[in-house]
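Colleague: As a plain string of letters, each chain reads:
2 protein chains.
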Amino acid sequence: VAENKSIVPNGRIRVAVDAMGGDYAPQEIVKGAVLAAEKDDVEVFLVGTTNILEQELAKCKVTNGSSIHIVGASDVIKENESPVDVIRRKPNCSVAIAAKMVKSGEADALLSAGSTAAAAISAIQFIGMVDGAYRPALVGSLGSFAPNTVMVDLGANVDCKPHQFLAFAIAGSVYAKKFLNIADPKIALLSTGSEESKGNDAVREAYSLLKSSGLNFVGNIEGSDILNGKANVIVCDGFVGNILLKFYESIGGHAQVWTERKLKKYPPLRALVRLLFKRLFPATKISSETEKAGGGILWGVDGVVKIAHGASRAPQIANAIESAKEAVNAGVVESLRLELAKFDQGGKL
Amino acid sequence: VAENKSIVPNGRIRVAVDAMGGDYAPQEIVKGAVLAAEKDDVEVFLVGTTNILEQELAKCKVTNGSSIHIVGASDVIKENESPVDVIRRKPNCSVAIAAKMVKSGEADALLSAGSTAAAAISAIQFIGMVDGAYRPALVGSLGSFAPNTVMVDLGANVDCKPHQFLAFAIAGSVYAKKFLNIADPKIALLSTGSEESKGNDAVREAYSLLKSSGLNFVGNIEGSDILNGKANVIVCDGFVGNILLKFYESIGGHAQVWTERKLKKYPPLRALVRLLFKRLFPATKISSETEKAGGGILWGVDGVVKIAHGASRAPQIANAIESAKEAVNAGVVESLRLELAKFDQGGKL
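So the sequence lines, in the order shown, correspond to chains A and B. The numbering of the first sequence is my numbering, which starts it at 1 and goes up by one. The numbering of the second sequence is my numbering, which starts it at 1 and goes up by one.
Next comes chain A alone, as it looks inside the complex:
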């Protein structure tokens, strides 16, 4: 039986933060937690080596001390340790302790800027998956060019089995309903052509599954359709999703460099173009947009687990805590559970 994690004693959402994970941990993680705790609706549990966290916290100007707590973790993950081994060998590292807090109901959400694999393994092992979801998946919005479209999986799963595509479609649907306010999201498979026969083996099998799923499946779309709004939920293997997202995020910068180089003999025009890029073109905006709301959540875990970029500094950590809170308030896990149950009982997952 699932615990009802969204009802908390004082109405505040409690986020367990892996204070030891991330390129700038623990300093920036602690600072970000202090920033986030300035709002009254969140309580932060910094999980890590107690004396280090106390020192870092002492450096901060804490305005809302009652909302920040330190939770000791006796194990410390070292660089270059394999995430698969480390969680087995160090079950009391910070991210594992944070996951256990979500399981026990001491926290409503987990946030980590450390290794995604370590967070995913901790989540699977200590929190568990919702019935019908086999492994965590990443869903992300495509930002300004396609404000009504999300893509899933963005990199958590490679070599996917056809039934995983169905689970991705359901997770993407919940995201589109909850965070984009789309009542009946159109779901499409990303492939090499619109015909059912196009694509690789996994995609062709997934097509049959999705067609008979009862979901609002609109068929295959091609690479040229990703941004044109034909689909609200684009389903793909995490190998493809990861490469596409990183490619997409890189293009704005290349376009700017290329355009400015072309205009080097026309300084006023170049300055204008630079301004246009800065103000208008989502060169670097896309990646930060995917951070919001349902972005960076490990979909399918039986609790809200939020992954922040490894390079996050205090403001990004504060944003991530805020959006973990929103995900809890939106009830994403319960919604996913209900949707998956429909298919799980039909034996489709």
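To be clear, the hints were calculated from the coordinates, so they are not data collected in a lab. Positions of the beta carbon are idealized from the N, C-alpha and C atoms, including for glycine. Be a bit skeptical, because a hint or two may be false.
[As the list claims (entries may be wrong)] Label-pair distances were calculated between CB atoms; the ranges are:
#	chain 1	residue 1	chain 2	residue 2	range
1	A	Asn80	B	Ser82	44 to 54 Å
2	B	Asn228	A	Ala271	19 to 29 Å
3	A	Asp159	B	Arg279	19 to 29 Å
4	A	Gly128	B	Glu195	25 to 35 Å
5	A	Ser194	B	Leu272	49 to 59 Å
6	B	His69	A	Glu195	33 to 43 Å
7	A	Ser194	B	Asp85	31 to 41 Å
8	A	Arg274	B	Asn181	49 to 59 Å
9	A	Glu195	B	Lys39	30 to 40 Å
10	B	Pro268	A	Gly310	16 to 26 Å
11	A	Leu272	B	Ser104	52 to 62 Å
12	B	Gly229	A	Gln125	36 to 46 Å
13	A	Arg274	B	Gly229	18 to 28 Å
14	B	Lys264	A	Lys161	39 to 49 Å
Given chain A, work out where chain B should sit, using these hints.
Modeller: Leaving out everything else, chain B in the frame of chain A:
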């Protein structure tokens, strides 16, 4: 023993053109052939239904009649016929006849704007593959943003075996040497991270093969590295390559629409941006650039087989004939044969 196809009686390159394939066939194909034949270094064989082609040719202003010939094809492919079946059932359709002309030495190259699958099957069946190449692959330049980079495979092969990635790397290398004048092209695998352990099963196995191949293999690159020049040859599965290329080609248009919408209250600025997009940003340029030189060639076939876009009109057909000629003159098939032989004898392919 391979015939030496680049030495032709009158010094002209002879291109067998599938006159019945393409959205605007045969009219635009015939017109394009007439355009191409205005140059003295090419001879065009229009393959198709004789009386139809004679009628179309009669409508054109032919300035160089001795360079244009009609070759009759008794079978006609109808829309919606499966390419796999059709070549078996209709071995005298235009694209099959054109392929046979390349095999017999009556032509130096084949050009088709019809079904890529039909052209590929005709090529495999009637021309055959170079030793070590199993199936045709598509190599394409990434255009202005990454002028020294090609990607392979762009869509001819899905569900690739690891050894195919090695063959792709070799084809891409020949392309980069011949058409980009890069002496020792850097080869990379497209994956989800730079470490050898990253990626899906096929990519991880291909990594080992490429590392021990003796090629100038620089490791994995991520989606964010595609346009930054880290690699001259980016090797990927045709499923990924097809989706990425179509996505890439679509972005310029989306960026323009989005930017103009943002500027709708500032007509002069919007007009300027429209001009900038038209003149500077390769919104639609990318796809036409991949048409050039080695783009659109079925790499691995034992003869030059060039695929033009289905929507090609006369000028594009003339360009494609011109670039098929360049590919013959560059000796791409012979170069690929020599490179593949090194690896084939080592038992790696």
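Colleague: All the hints need checking, so say for each whether the structure fits it.
Modeller: Evaluated hints:
{"no.": "1", "hint": "A:Asn80 with B:Ser82: 44 to 54 Å", "verdict": "holds (52 Å)"}
{"no.": "2", "hint": "B:Asn228 with A:Ala271: 19 to 29 Å", "verdict": "holds (25 Å)"}
{"no.": "3", "hint": "A:Asp159 with B:Arg279: 19 to 29 Å", "verdict": "violated (44 Å)"}
{"no.": "4", "hint": "A:Gly128 with B:Glu195: 25 to 35 Å", "verdict": "holds (29 Å)"}
{"no.": "5", "hint": "A:Ser194 with B:Leu272: 49 to 59 Å", "verdict": "violated (37 Å)"}
{"no.": "6", "hint": "B:His69 with A:Glu195: 33 to 43 Å", "verdict": "holds (36 Å)"}
{"no.": "7", "hint": "A:Ser194 with B:Asp85: 31 to 41 Å", "verdict": "violated (21 Å)"}
{"no.": "8", "hint": "A:Arg274 with B:Asn181: 49 to 59 Å", "verdict": "violated (32 Å)"}
{"no.": "9", "hint": "A:Glu195 with B:Lys39: 30 to 40 Å", "verdict": "holds (38 Å)"}
{"no.": "10", "hint": "B:Pro268 with A:Gly310: 16 to 26 Å", "verdict": "violated (44 Å)"}
{"no.": "11", "hint": "A:Leu272 with B:Ser104: 52 to 62 Å", "verdict": "holds (60 Å)"}
{"no.": "12", "hint": "B:Gly229 with A:Gln125: 36 to 46 Å", "verdict": "holds (41 Å)"}
{"no.": "13", "hint": "A:Arg274 with B:Gly229: 18 to 28 Å", "verdict": "holds (22 Å)"}
{"no.": "14", "hint": "B:Lys264 with A:Lys161: 39 to 49 Å", "verdict": "holds (46 Å)"}
In this structure, the earlier hints numbered 3, 5, 7, 8 and 10 are contradicted, and the remaining ones agree with it.
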